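Student: Each chain, written out:
Protein chains: 2
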Amino acid sequence: VRWHTADLLDPAAAQTVVAEAAPECLLHLAWYAEHGLFWTSPENVRWVEATLRLLRAFADTGGLRAVVAGTCAEYEWTPEGGVLGEDAPLRPATLYGAAKNATRSVAQALAAEIGFELAWGRIFFPYGPGEAPTRLVPSVARALLGGNEAAVTDGRQLRDFVYVDDLAAAFVALVDSDVCGAVNIGSGEAVAVHEVVSLVGEALGRPDLIRFGALPGRPGEPATLVADVGRLRDEVGFRRRVPLREGVARSVAWWQAHGSGALDPAAAQR
Amino acid sequence: VRWHTADLLDPAAAQTVVAEAAPECLLHLAWYAEHGLFWTSPENVRWVEATLRLLRAFADTGGLRAVVAGTCAEYEWTPEGGVLGEDAPLRPATLYGAAKNATRSVAQALAAEIGFELAWGRIFFPYGPGEAPTRLVPSVARALLGGNEAAVTDGRQLRDFVYVDDLAAAFVALVDSDVCGAVNIGSGEAVAVHEVVSLVGEALGRPDLIRFGALPGRPGEPATLVADVGRLRDEVGFRRRVPLREGVARSVAWWQAHGSGALDPAAAQR
Numbered sequence: 079v080r081w082h083t084a085d086l087l088d089p090a091a092a093q094t095v096v097a098e099a100a101p102e103c104l105l106h107l108a109w110y111a112e113h114g115l116f117w118t119s120p121e122n123v124r125w126v127e128a129t130l131r132l133l134r135a136f137a138d139t140g141g142l143r144a145v146v147a148g149t150c151a152e153y154e155w156t157p158e159g160g161v162l163g164e165d166a167p168l169r170p171a172t173l174y175g176a177a178k179n180a181t182r183s184v185a186q187a188l189a190a191e192i193g194f195e196l197a198w199g200r201i202f203f204p205y206g207p208g209e210a211p212t213r214l215v216p217s218v219a220r221a222l223l224g225g226n227e228a229a230v231t232d233g234r235q236l237r238d239f240v241y242v243d244d245l246a247a248a249f250v251a252l253v254d255s256d257v258c259g260a261v262n263i264g265s266g267e268a269v270a271v272h273e274v275v276s277l278v279g280e281a282l283g284r285p286d287l288i289r290f291g292a293l294p295g296r297p298g299e300p301a302t303l304v305a306d307v308g309r310l311r312d313e314v315g316f317r318r319r320v321p322l323r324e325g326v327a328r329s330v331a332w333w334q335a336h337g338s339g340a341l342d343p344a345a346a347q348r
Numbered sequence: 079v080r081w082h083t084a085d086l087l088d089p090a091a092a093q094t095v096v097a098e099a100a101p102e103c104l105l106h107l108a109w110y111a112e113h114g115l116f117w118t119s120p121e122n123v124r125w126v127e128a129t130l131r132l133l134r135a136f137a138d139t140g141g142l143r144a145v146v147a148g149t150c151a152e153y154e155w156t157p158e159g160g161v162l163g164e165d166a167p168l169r170p171a172t173l174y175g176a177a178k179n180a181t182r183s184v185a186q187a188l189a190a191e192i193g194f195e196l197a198w199g200r201i202f203f204p205y206g207p208g209e210a211p212t213r214l215v216p217s218v219a220r221a222l223l224g225g226n227e228a229a230v231t232d233g234r235q236l237r238d239f240v241y242v243d244d245l246a247a248a249f250v251a252l253v254d255s256d257v258c259g260a261v262n263i264g265s266g267e268a269v270a271v272h273e274v275v276s277l278v279g280e281a282l283g284r285p286d287l288i289r290f291g292a293l294p295g296r297p298g299e300p301a302t303l304v305a306d307v308g309r310l311r312d313e314v315g316f317r318r319r320v321p322l323r324e325g326v327a328r329s330v331a332w333w334q335a336h337g338s339g340a341l342d343p344a345a346a347q348r
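The listed protein sequences derive, respectively, from chains A and B. Positions 79 to 348 (the working numbering) are the ones given, in order, by the first sequence. Positions 79 to 348 (the working numbering) are the ones given, in order, by the second sequence.
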């Protein structure tokens, strides 16, 4: 392994790093992803530009296969939601979703014209060690680790939680396959948010501190957002390895090891 | 009027020129548009990047209203086609259409987040003096001016031809309005291609040189591509000023004045 480091927001960087590495395959995960801010930030637009620049540089040096991280936020999110296949309607409601979806559309058309392969992994709801401390699992875990109550919603909405190691392995499998186009990256399992929260409580032996329904649900939030993982399973040949209980246990253990104030303390305030 | 000149493909240019001009309004027409090549060229991707960069720079300096040139190629083109309203399905079949549509999608989401106005003029089939010599009107006019036969298709397909002065005036009206979102820029009139060709023959007094049906039609080309101009007419308040016969006569006169070999002779070979 040889590491090449570059800031892809620098207009010349992609060309330089791609020329140095002359890769046959590209796995592009970089994007603006600051928790709570990424949905609406103009930074998304800079990453559209940066991603297209990178793909052009990759194509210019004869790259053969590119795999890029997309998002389930490219789909239309109705109040009901559902189990979403890759052919579900694309109607992103956020700048983040619009930016990813637009990038995919241009990338696919460019790949078709130039003749390189392009796969687009639509990520559902990742979790795992090291994530932003204000996200679901860390925020509950950190409260309970500190002996504090955790106020949460009723948690009835169903989501597709995918453990970070599975997410990474799914992308590696996608790179190693010859599958093109959009591929959902999820577990395929519909899990109620309250189940995840309960598993955190169990793992830490403090289910008594959890206050379901103490926070109001977000109006208009889809009842169900779950991946149809048929393509990932049958075409890419990937099956998840880390079940939910195990993934939550590992995540909680990470916060136990790193302390409830781990990572950026300022971020925890947001 | 003060002119500022910049190459928008230069990553720093937009920021510099927008900072100099500090515009309240932006009318952005620039794109790669070389006849015959623009449908499939990777240059389209560079113009996605350049356009988004320009819009970011415009927003950063407090710009209030941006109007950008889109295209009827953003719409799905079925074999039948039809009279297309702005809510017609968006399913571009070309890299050009995908690039424009993606740019619109990101631009609209950015405008909504930042709070500037964005209108997007979807141009139908422009014609007029000075266009590429291999396009429909010039290619027929140049043949007839040289005393040569003009081989054309049967020309039964219906299109929405918009004279260049009307196109420009429609964009000016759109800038001066407060209409946001997509607005079709066309004549609203369904005209058979053979009618345009016949008008060129009449204008030059040589209808005898036109050979309808000597060229095969393009397979899968939509039968009808016509703009529903309801928004342009009723919301923007624009009506076209130059009827087809007059527009063709002016175009033909331009080629008479500039000679059949006018403009780039190399382009005429393509």
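These are computed hints drawn from the structure, not numbers from a lab. The structure presented is a predicted model; accordingly, all values stated were derived computationally and were not measured. By construction, the Cβ of each residue, glycine as well, lies at the ideal position given by its N, Cα and C atoms. Please note that the accuracy of each hint is not assured.
Said to hold, decoys possible - Here are a few chain B residues that sit away from chain A, every Cβ distance over 12 Å (derived from the structure):
| no. | residue |
| --- | --- |
| 1 | His82 |
| 2 | Trp117 |
| 3 | Pro120 |
| 4 | Asp138 |
| 5 | Glu164 |
| 6 | Ala166 |
| 7 | Ala180 |
| 8 | Arg182 |
| 9 | Ile192 |
| 10 | Asp232 |
| 11 | Arg284 |
| 12 | Ala331 |
As the list claims (entries may be wrong) - With the Cβ distance kept under 7 Å, some of the chain B side facing chain A (calculated, not the full set):
| no. | residue |
| --- | --- |
| 13 | Val123 |
| 14 | Leu173 |
| 15 | Ala177 |
| 16 | Ser183 |
| 17 | Ala187 |
| 18 | Val320 |
Stated by the list, open to error - Over 10 Å on every C-beta distance to chain A, these chain B residues come out as not near it, computed from the model:
| no. | residue |
| --- | --- |
| 19 | Leu105 |
| 20 | Tyr110 |
| 21 | Gly114 |
| 22 | Thr118 |
| 23 | Arg124 |
| 24 | Leu133 |
| 25 | Glu191 |
| 26 | Gly208 |
| 27 | Ala251 |
| 28 | Cys258 |
Student: Each hint should be assessed against the structure and marked as holding or not.
Tutor: Consistency of the hints with the structure:
1. With a least CB separation of 21 Å from chain A, His82 of chain B remains clear of the 12 Å interface cut-off, as annotated.
2. Interface exclusion of Trp117 of chain B from chain A breaks down, the closest Cβ pair being 9 Å apart, not more than 12 Å.
3. With a closest Cβ-Cβ approach of about 6 Å to chain A, Pro120 of chain B is found to fall inside the 12 Å limit, against its non-interface label.
4. Remark: the non-interface label on Asp138 of chain B conflicts with the geometry, its nearest Cβ contact in chain A lying 9 Å away (cut-off 12 Å).
5. Residue placement check: Glu164 of chain B keeps its beta carbon more than 12 Å from all beta carbons of chain A (closest about 16 Å).
6. Every beta carbon of chain A lies more than 12 Å from that of Ala166 of chain B, the smallest distance being close to 15 Å; the non-interface claim holds.
7. Not every CB of chain A lies more than 12 Å from the CB of Ala180 of chain B, the least distance being 4 Å, so the non-interface label is violated.
8. With 12 Å as the threshold on Cβ separation, the claim that Arg182 of chain B sits away from chain A is violated: the shortest Cβ distance comes to roughly 9 Å.
9. Against chain A, the non-interface label of Ile192 of chain B is violated: not every CB pair exceeds 12 Å, the least being about 7 Å.
10. Interface exclusion of Asp232 of chain B from chain A stands, the closest Cβ pair being 30 Å apart, more than 12 Å.
11. Distance check for Arg284 of chain B against chain A: the nearest CB is about 40 Å away, which clears 12 Å, and the non-interface claim stands.
12. Residue-level check passed: Ala331 of chain B sits 38 Å from the nearest beta carbon of chain A, beyond 12 Å.
13. The criterion of a C-beta within 7 Å of any C-beta in chain A is met by Val123 of chain B, whose closest approach is roughly 5 Å, and the hint holds.
14. For Leu173 of chain B, the shortest C-beta to C-beta distance to chain A is roughly 4 Å, which falls under 7 Å, so the interface hint holds.
15. Hint status for Ala177 of chain B: holds, given a least beta-carbon distance of 5 Å to chain A, under 7 Å.
16. The criterion of a C-beta within 7 Å of any C-beta in chain A is met by Ser183 of chain B, whose closest approach is roughly 5 Å, and the hint holds.
17. For Ala187 of chain B, the shortest C-beta to C-beta distance to chain A is roughly 4 Å, which falls under 7 Å, so the interface hint holds.
18. Nearest Cβ of chain A to the Cβ of Val320 of chain B: about 34 Å, over the 7 Å cut. The hint is violated.
19. Its beta-carbon lying about 20 Å from the closest one in chain A, Leu105 of chain B satisfies the requirement of being farther than 10 Å from that chain.
20. Interface exclusion of Tyr110 of chain B from chain A stands, the closest Cβ pair being 13 Å apart, more than 10 Å.
21. With a minimum CB-CB distance of about 15 Å to chain A, Gly114 of chain B clears the 10 Å threshold, and the non-interface call stands.
22. At the 10 Å boundary, the C-beta of Thr118 of chain B falls inside the reach of chain A, the nearest C-beta of that chain being 5 Å off.
23. The non-interface label for Arg124 of chain B is inconsistent with chain A: the shortest C-beta to C-beta separation is roughly 7 Å, within 10 Å.
24. Distance check on Leu133 of chain B: its Cβ comes as close as 8 Å (rounded) to a Cβ of chain A, failing to clear the 10 Å threshold; non-interface status is violated.
25. With a least beta-carbon separation of about 5 Å from chain A, Glu191 of chain B fails to lie farther than 10 Å from that chain, contradicting its non-interface assignment.
26. The claim that Gly208 of chain B is not at the interface with chain A holds, since no C-beta of that chain comes within 10 Å of its own (minimum 29 Å).
27. The beta carbon of Ala251 of chain B sits about 28 Å from the closest Cβ of chain A, which is more than 10 Å, so the claim that it is off the interface holds.
28. Non-interface call for Cys258 of chain B relative to chain A: holds, since the shortest CB-CB distance, roughly 16 Å, exceeds 10 Å.
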